[in-house]
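Protein chains in written order, with my numbering: chain E, 523 to 840; chain Y, 45 to 309; chain S, 3 to 314.
Source of the hints: derived by calculation from the structure; they are not laboratory data. Note that the structure is a prediction, hence the values are computed from the model and not measured. Ideal placement from N, C-alpha and C gives every residue a C-beta, glycine not left out. A few of these clues could be false.
Pairs of lysine-lysine, DSSO-like flavour, derived with a Cα cap of 30 Å [what the hints assert, rightly or not]:
#	chain 1	residue 1	chain 2	residue 2
1	S	24	Y	133
2	E	580	Y	248
3	S	129	S	143
Computed beta-carbon distance windows for the label pairs [to be verified]:
#	chain 1	residue 1	chain 2	residue 2	range
4	S	20	E	582	37 to 47 Å
5	Y	250	E	553	50 to 60 Å
6	Y	293	E	553	31 to 41 Å
7	Y	305	S	75	34 to 44 Å
8	S	16	Y	75	34 to 44 Å
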Amino acid sequence: MSKTVQADRSRVRLSGLVLAVALLIGSFAVYFLSNAAGASRTPVPESAIDDDLSLEGKRLKGFVFGAEGLIADVYWMQSLQYLGDKFVNAPPDQVISLDDLRPLNPRLLYPYLDNATDLDPGFMAAYSYGATVLPAIDPATAIKFTEKGIASNPENFRLYQYLGFIYWKLHRYDEAAAAYERGSEQPGAPPFMKAMAAFMASNAGSRETARAMYRQMSDSGDQQTRLNAEYRLNELDAEEQVEAINARLSDYQKKNGSCVRSLKDIVPALGAVKLAGGAQFQQTAAGEIVDPKLAPYVLDSAACSVHSTSFPKTGANK
Amino acid sequence: MRRSSNTNYLTQIFVIAKNAFREAVRDRILYNLVIFVLLLTGAAIFLGELTAGQEVRTIINLGLNAILLFGAFIAIFVGVGLVSKEIEKRTVYAIFAKPVTRSQFLVGKYLGLSLTLLVNTAVMGIGVTLALLYVGGGDRLASVWVAVFFVFLELCVLTAVAITFSSFSTPALSALFTFFIFVIGHFSSSLREFAAALGSAGAKAVFGTIYYIMPNLSLYGFRTQAAYGLLPDAAAVAAITGYTIVYIAILLSIANFIFSRRNFK
Amino acid sequence: MEHIVEIQDLSKDYETGFWKKKKVRALDGLSLRVEPGQIFGFLGGNGAGKTTTIKILMGLLFPTSGTARILGRDIGDTSMHREIGYCPENPYFYDYLTADELINYFGEIFGLDSARRKERSAELLTKVGLAEKDWNKQLRKYSKGMLQRVGLAQSLINDPKIVFLDEPMSGLDPVGRREIRELIAELRSSGTTVFMSTHILSDVEALCERVAILRRGKLAATGRLEDLLANSEQQAFEINVSGISAAALRPFAASSNAELFEKPTGISLQVNSETEIDAALKAVRGSGGKLLSVQPVGRSLEELFVEKTGTA
Ligand SMILES: Nc1ncnc2c1ncn2[C@@H]1O[C@H](COP(=O)(O)OP(=O)(O)OP(=O)(O)O)[C@@H](O)[C@H]1O
Ligand SMILES: [Mg+2]
């Protein structure tokens, strides 16, 4: 009697062991098979990555159970992701300037933003992002997009600011002035709108105007736009600093007949320079002159000029 | 059916409603809250990255639409079983031999599920509130709660639709019909605009009729607006609430008319 | 109020089929009266219409034609339900509730306060023989017989004047049956009228003063049980013989409609009247059989039931 009970128990224990072993082997099999299956999947053709199919969203308006805002958010996230992926996947040797994103061919960016704002016409972050990025892809769509925003939110001065910004970037100062003027008439528009309208008429091309422009963009809320504007402000500072350094370099060359061997030679001269807003050059502990990103300026002895590694545009400026 | 006695008419409704709520709790319906909380927590943590600083509006959009979706599931799938399950399992036999009229039973069951949905929606609303406070969107709370209230009203209508269908149809068909009404109810105003744009008189008449007969669920869509911190004016809230009450009363009257004539075979 | 239940010309057609075109007549012009203070047995074969009748009385089904009154009030009047009780056939209740919660729930419907409900619940569950350890178990874990007991308990929550029990003994074990039989007898002595349908004839014999027998939706017989049993037009007799084969008596049995049984001791012949005894004895003797005994047979309820319901 007790023998059979014991036999039963050991049989139960044995079958438990068998199950455990089977599960272990099974898990390994699942792991390898899943990897194998994943590796041998048929690749999606290159052309399908920029698939237009995902862009019919705006037709959904009124047919998404009131979730327009949420779907607009999805398009918004996709637009961010899309451009981000383009940057990440660009060939390493490709130089990309914020002023010209066309090499990346981000042709779906506008449709994404257009969808987002069709579904949710008051989506300000999308407009500000569009105003910042679209001019570098296709200025005409940038203007069209911002005008669409104005049509749905005619009382929001920010959109006029974006429009003015786009025209300014395109050096179409009259239209920029007009946009600022219209914006300044909207309720709650801050005084700088009026001031910008005046700037556009007088010295639209100046660095000061550019500074004011980006400072205001930076205040406009959207994080992407703010980062972009801060970069631009730093770039403007670097530009100014490169100009000042180069001026001192050519002074030195005129006086001594040769270029400096090290930038340290002109540090005293640079100490006297007053930068915009009364700022001074920044130096490291080792005495190197650094740009706003704290990277040392690089001296090109042959041309006897400097450039900033953080802001490639400053070197090419000359 | 005549009333049993005036003093007890509401008491019995209340007792039945309470039990229907207890049933929902014991059937673990409120467990959906766990999934919701996980969703929202994940969103609060990760959305900042994905949306470039737009997490406040995204949490509002995501949270409010999820409240509607989860609630609609409960309203449809629990709603259609509310009465038919009791007939099928023969639990109605003992009830109707007690001094309970068919209308009391129907209204009681309806209120029980509405109470369940109220609790569910409110807890989810609190979840959204906490997530918003976490990402610094505290200034939109008033609008969010208005939207939550509207979602609740919509769920009440949906429950009434479900219970009406289930008063004469099978649960599976009722669920299908109710889902259909949910879809049409959301589309009817867009369809009417569509028809108006097409300009055909026939289409206009058809979609106009649909628009007024079907519950106009697009009225309850205040979720996108809530993401901007907008508030509806009091008159609009009063009108929507009134519309809801009248619409539900009509549906329950129809359901009662059918249910009161049913043989429990 | 002379009658506590009055059923007048009640008919019920079940509509079946997809278009509800086909009709099954479950009740056909049933008229019945029940006097207060007694246990009334409602008998009939499977599908005779007992459950249908009770469900119509409870307002669960609507009659195709005819009327019925309980306690002098029309069955459409739900307020009468304050004073009646009902235990359905194979009862089923909310399986997410415990027995105690269920009784409390029904108590609330009757407006009992919580102290009274608690007291009633314990009292009733004890009365129907449910062990106290099961009171707080969810009903989904109950056996059929336990559910039957809960069904009986809930039917008595409001101290009803009349209680309708549809096969109250089904699913019960022998001890349970005796307990419930005692409970029903107790109800009667406390003045409650009991209207019960059942197949179990020994219960009917032990409990019921009056019965009604239903056959295919029609009333086949009704009256005091004693009267029905005595009221057989003819007295039957059993004649036991030996020494002959059954085949020898078969022609006689066929001609006089007598019944023939083979027994270990010989053959038993059952004739339907006194006048047929002589003829039977003649037939026995004619074939060389030996007479063992002749005795009158009391009509059993079973025979009455078989005769009235004609189970063929
Ligand atoms: N839901 C139904 N649909 C169609 N016919 C039905 C339905 N319920 C009962 N019937 C029919 O009505 C007749 C009476 O049924 P009922 O249930 O009243 O019998 P009963 O006397 O209670 O039988 P039992 O002793 O088996 O419980 C039967 O012929 C049955 O087939
Ligand atoms: Mg029956």
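Here is what the structure says about each hint:
no., hint, verdict
1, S:24 / Y:133, "holds (25 Å)"
2, E:580 / Y:248, "holds (23 Å)"
3, S:129 / S:143, "holds (20 Å)"
4, S:20 / E:582: 37 to 47 Å, "holds (40 Å)"
5, Y:250 / E:553: 50 to 60 Å, "holds (57 Å)"
6, Y:293 / E:553: 31 to 41 Å, "violated (59 Å)"
7, Y:305 / S:75: 34 to 44 Å, "violated (20 Å)"
8, S:16 / Y:75: 34 to 44 Å, "holds (41 Å)"
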